[in-house]
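So the protein sequences, as listed, match chains L and Z. Residues 1 to 112 (our numbering) make up the first sequence, in order. Residues 1 to 113 (our numbering) make up the second sequence, in order.
The set of hints was computed from the structure by calculation and includes no laboratory data. All C-beta atoms, glycine included, are put in the ideal place defined by N, C-alpha and C. Mixed in with the good hints there might be a few duds.
[As the list claims (entries may be wrong)] When the alpha-carbon atoms are kept at most 25 Å apart in a straight line, the in silico DMTMM-like pairs for lysine to aspartate or glutamate are as follows:
{"no.": "1", "chain 1": "Z", "residue 1": "Lys112", "chain 2": "Z", "residue 2": "Asp55"}
{"no.": "2", "chain 1": "Z", "residue 1": "Lys56", "chain 2": "L", "residue 2": "Asp98"}
{"no.": "3", "chain 1": "Z", "residue 1": "Lys37", "chain 2": "L", "residue 2": "Glu24"}
{"no.": "4", "chain 1": "L", "residue 1": "Lys40", "chain 2": "Z", "residue 2": "Asp84"}
{"no.": "5", "chain 1": "Z", "residue 1": "Lys108", "chain 2": "L", "residue 2": "Glu44"}
[What the hints assert, rightly or not] Computed beta-carbon distance windows for the label pairs:
{"no.": "6", "chain 1": "Z", "residue 1": "Asn67", "chain 2": "L", "residue 2": "Glu44", "range": "25 to 35 Å"}
{"no.": "7", "chain 1": "Z", "residue 1": "Pro79", "chain 2": "L", "residue 2": "Leu112", "range": "38 to 48 Å"}
{"no.": "8", "chain 1": "Z", "residue 1": "Ser74", "chain 2": "L", "residue 2": "Lys22", "range": "17 to 27 Å"}
[As the list claims (entries may be wrong)] Computed list of chain L residues with no C-beta within reach of chain Z, every gap over 12 Å:
{"no.": "9", "residue": "Lys41"}
{"no.": "10", "residue": "Glu67"}
{"no.": "11", "residue": "Pro69"}
{"no.": "12", "residue": "Val111"}
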Amino acid sequence: ETGVTQTPRHLVMGMTNKKSLKCEQHLGHNAMYWYKQSAKKPLELMFVYNFKEQTENNSVPSRFSPECPNSSHLFLHLHTLQPEDSALYLCASGTGRDEKLFFGSGTQLSVL
Amino acid sequence: DQQVKQNSPSLSVQEGRISILNCDYTNSMFDYFLWYKKYPAEGPTFLISISSIKDKNEDGRFTVFLNKSAKHLSLHIVPSQPGDSAVYFCAASFMDSNYQLIWGAGTKLIIKP
Chain L
1 ETGVTQTPRH LVMGMTNKKS LKCEQHLGHN AMYWYKQSAK KPLELMFVYN
51 FKEQTENNSV PSRFSPECPN SSHLFLHLHT LQPEDSALYL CASGTGRDEK
101 LFFGSGTQLS VL
Chain Z
1 DQQVKQNSPS LSVQEGRISI LNCDYTNSMF DYFLWYKKYP AEGPTFLISI
51 SSIKDKNEDG RFTVFLNKSA KHLSLHIVPS QPGDSAVYFC AASFMDSNYQ
101 LIWGAGTKLI IKP
C-alpha cells in the first residue's frame, strides 16, 4: 500500500463519545499533520509532528488529543466534542523540508 | 483576517477553453506559493508551485503566474478538460514559518462539455 491512509472515512458520534481517528503513511516522511476543513473555509492546521515530536499546536481545544507513536502513524483522539467540530479531518505527511504535502482522503466527522 | 484569499467560490468553463483561477495574499513575507487540487471524497493533491523569485512556472497544461507588486497569483489551465473539474486551493508559506502553509478557501472549477 502506498500514500497516506486514513480511517475511518466517515464517523458519526455523540457529544459524550470517545473516538479516535487513525492515519498511516507509507512514504517514508518525517513530518505528519492534522488539518480541519470546514465547508467553504480554508484548511486549518491543527497539529504538526516532526520525527514524532509535536512542533505545532495551533490553539486547538483539549478535546482533540493527538498521538504520534512513530513517524508512520498519527492518531487524533476525540472526546466530548461539540456539534461545531463537525468537519472533514485531513491527515498529511511531508518531508519536513518543503511545503509539498501528501494528504489522506480524510475522515468526515459529524457530531450530534 | 485571511492572509490568502480566493474570492471566487466557483468558476464554470467550457471544455477546451482556458480556466483562470485567482488568488490574492496580504502578507508580503510569503516567498513560496502552491496550488492543490481536490476531488470529492479525496484529500488535496499537489499540483504546481512557484517561488517568489520567479513570476511564472509552467508544467504541461498548468501555468502559475505571480505578480508580487499586486500580491496576486493565478493558475491557468489550457486547454481545460473534464477531469479538471475539482476544487483548487491556493496556499502560501514563508521561510520562517517552518514550511507551514496558509490556505485559501478554494475555488470549485466546473468544466462544461
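Quiz prompt | Numbers of unmet hints, in rising order | solution = Numbers 1, 8 and 9, in rising order.
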